[in-house]
Every structure is written in structure tokens, then in C-alpha cells.
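Kindly produce the complete structure, drawing on both the sequences and the hints.
Counting from 1, position 68 in the sequence shown corresponds to residue 67 in numbering that gives the first Met the number 0; the numbering is continuous, with no gaps.
Think of the hints as simulated: they come from the structure by calculation, not from any bench. Do not rely on the hints blindly, as some may be mistaken.
Unchecked claim - Here are the simulated DSS-like pairs of lysine-lysine, each with C-alpha atoms no more than 30 Å apart in a straight line:
| no. | residue 1 | residue 2 |
| --- | --- | --- |
| 1 | Lys52 | Lys27 |
| 2 | Lys11 | Lys23 |
| 3 | Lys29 | Lys43 |
| 4 | Lys23 | Lys36 |
| 5 | Lys52 | Lys29 |
| 6 | Lys52 | Lys36 |
| 7 | Lys23 | Lys5 |
| 8 | Lys11 | Lys29 |
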Amino acid sequence: MNNKEKRGKEIKNEDINNMNLRIKNVSKWKTMRYLDKVEENANKIRYEDSIIKTREWLKHLKFEKLANRSYDN
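Spelled out as C-alpha cells, the structure:
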């Protein structure tokens, strides 16, 4: 093997390593983005549950006030 062939193999190995690094970075980015979406969906569900509970609490509070008014009269 002469120096030209060695250099050609080194360049090819560098290209393969560079491509593997790019693939690794893209897959990491996609994984992070997926996990962000999962967390975002969990937060959205938690927020919607909180709104529902607050509405129910306000509804019960309103009925309690109305019930107390009728007893006062």
C-alpha cells in the first residue's frame, strides 16, 4: 500500500465518521424534540384537568352560596 492509498482510506474513514456523527446528532435532536412533545402534551393534559377542576369548584361554590342565601331568608 502506498501513501496515496493510505490517505484515500483515511479520508474515507473521516467521511464515514463525520457522517456517523451527523446521524447521531440528528437522532439525538429528534429524540429531544419527541421528549419535548411528550412533556408538552403532559402539561397540556394537566392544564386542562386543572381548568375542569376549577370550573367544578366554582360551580359548587356558587350552589353553596345560593343554598346559604335561601336559609338566611
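We went through each hint and held it up to the structure:
1. Lys52 x Lys27: violated (37 Å)
2. Lys11 x Lys23: holds (18 Å)
3. Lys29 x Lys43: Holds, at about 21 Å.
4. Lys23 x Lys36: Roughly 20 Å between the alpha carbons, so the hint for lysine 23 and lysine 36 holds.
5. Lys52 x Lys29: violated (35 Å)
6. Lys52 x Lys36: holds (24 Å)
7. Lys23 x Lys5: holds (27 Å)
8. Lys11 x Lys29: holds (27 Å)
Comparing the model with each numbered hint stated earlier shows that hints 1, 5 do not hold.
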